[in-house]
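**Q** Note that the protein sequences, when read in sequence, are chains A and B. Residue 83 in my numbering sits at position 83 of the first sequence, with consecutive numbering throughout. Residue 30 in my numbering sits at position 30 of the second sequence, with consecutive numbering throughout.
Heads up, none of these hints are tricks.
Some chain B residues close to chain A (C-beta under 10 Å, calculated; not the full set):
| # | residue |
| --- | --- |
| 1 | 3 |
| 2 | 33 |
| 3 | 37 |
| 4 | 42 |
| 5 | 43 |
| 6 | 45 |
| 7 | 48 |
| 8 | 56 |
| 9 | 89 |
| 10 | 93 |
| 11 | 100 |
| 12 | 102 |
| 13 | 105 |
Hints listed in this document are in silico derivations from the structure and should not be mistaken for laboratory results. Where is the CB? At the ideal position from N, CA and C, for every residue including glycine.
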Amino acid sequence: AQSVTQLDSHVSVSEGTPVLLRCNYSSSYSPSLFWYVQHPNKGLQLLLKYTSAATLVKGINGFEAEFKKSETSFHLTKPSAHMSDAAEYFCVGGGGYNKLIFGAGTRLAVHP
Amino acid sequence: DAGVIQSPRHEVTEMGQEVTLRCKPISGHNSLFWYRQTMMRGLELLIYFNNNVPIDDSGMPEDRFSAKMPNASFSTLKIQPSEPRDSAVYFCASRTSGEETQYFGPGTRLLVL
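Produce the entire structure from the sequences given, and follow the hints as far as they go.
**A** In structure tokens form, the structure reads like this:
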């Protein structure tokens with residue numbers, strides 16, 4: 001069975017410093033993987049997705065993620081955090097054609 | 001494109017009342033998903049439709065919950081009777097065939113007193 005594990009429930013960074021949100025997956029096949037962001041009182045917005053075309057995936061708002069099969073990881077990074085990046089981030093796996101498997105979420109706080 | 005539209009955005013009701021949540025998927029999308037988000041359980045898939053037909057409703061909590069999709073542009077999620085433990089944010093999402101990416105609506109925040 002496929003599963004997605006977000007290793008940190010909370011991450012706190014200072015504005016202008018790098019962001020790293022960690023995600024590991026388990027799958028018996030090459031997965032589709034996504035990162036979604038949820039700002040307070042908003043819906044989920046797609047940041048980026050991996051579908052095996054390229055291991056380094058660039059998304060919106062300066063975020064990117066690298067698929068590492070040897071580590072079964074799909075960590076989300078951004079070189080320089082902005083205050084507006086404060087939100088909850090979900091790592092999501094494609095759990096078969098019709099279902100998404102959600103991680104528990106990582107709440108990112110950005111301090112001035 | 002207007003994106004996925006949900007209404008109402010907020011709903012406050014009393015225990016025992018009927019609640020109806022509405023969703024309009026993105027035009028051209030043929031799959032629709034209803035999710036529930038709570039602090040305790042995170043995001044849970046309740047039910048999904050493909051071409052207006054319910055495919056998997058195994059996530060629907062109990063008989064008090066029902067969902068319909070009478071046409072390609074409209075779906076409802078009904079709770080009757082509502083209970084305080086149903087308080088949550090309910091999201092609707094849609095996607096097109098051949099794509100795994102789901103596009104989410106803004107959610108309906110439900111509070112049952």
